[in-house]
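Residue 102 in this note's numbering sits at position 102 of the sequence shown; the count goes up by one each step and never skips.
Hints were generated in silico from the structure; no laboratory data involved.
Just so you know, these numbers come straight off a predicted model, no measurement behind them.
Do not take every clue at face value.
What the hints assert, rightly or not - Label pairs and their computed distance ranges (CB to CB):
1) 63 - 135: 20 to 26 Å
2) 119 - 90: 30 to 36 Å
3) 67 - 165: 22 to 28 Å
4) 28 - 70: 44 to 50 Å
A virtual CB, placed ideally from N, CA and C, is assigned to each residue, including glycine.
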Amino acid sequence: MSADNDVAIDSLRPMTEIQIGQTREFIESLKEECETYWDMVEIGDVLSRDLCVTPELVILYADAVEDYTPWYEGWKMNTWRIDGESPFGGAIVPPMMMSHFVLSVQFDHTKPFAIGSVHTFHDTEILEPIPVGATVRIRTEAIDKFEKRGRRYVRHAVTVSDVDKGTLYLRETRDIMSM
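Between the sequences and the hints, there should be enough to build the whole structure, so can you do that?
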């Protein structure tokens, strides 16, 4: 840069006050004592989150997993959107997309993150297709803790339901091995 007020076109934009605060909070949280997942979770712990399943979210997920089924929303060459059509009416959400978002609920982000957790078991039952645009509640409950071959596991029961209608879309049982 030749002058003091020249800005390089590839320079990073300054962080906002919110970003600065979030970064400082995260760095401070690293100083806290971390526990293993086994120690953090008690049987009966429930965590939930509401998620609006927007067309953009569906497009990003489907593109990431390379699932171009015409039943979902889509885009062509990143220039225009294609409305999905399915035998269930309009566009639907890819069946395993909600299973992916369970992770954003399963770990309580108010606690220091426990490193060393491995998903070892999933049993998913899809009951109804989720329409694109629905707002769903993802709920996970720790229902069991057990040891097997010297390893510790936490079992969770997961449900995904429509916030407005109460329709149960998905049930899942998953085990997490705590290291």
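Against the structure, the hints come out as follows:
1. 63 - 135: 20 to 26 Å: The hint (20 to 26 Å, Cβ to Cβ) holds, given that residue 63 and residue 135 are roughly 22 Å apart.
2. 119 - 90: 30 to 36 Å: At 32 Å between Cβs, range holds.
3. 67 - 165: 22 to 28 Å: Given range 22 to 28 Å: holds, Cβ gap about 26 Å.
4. 28 - 70: 44 to 50 Å: 48 Å, holds
Taken one by one, the earlier hints all hold for this structure without exception.
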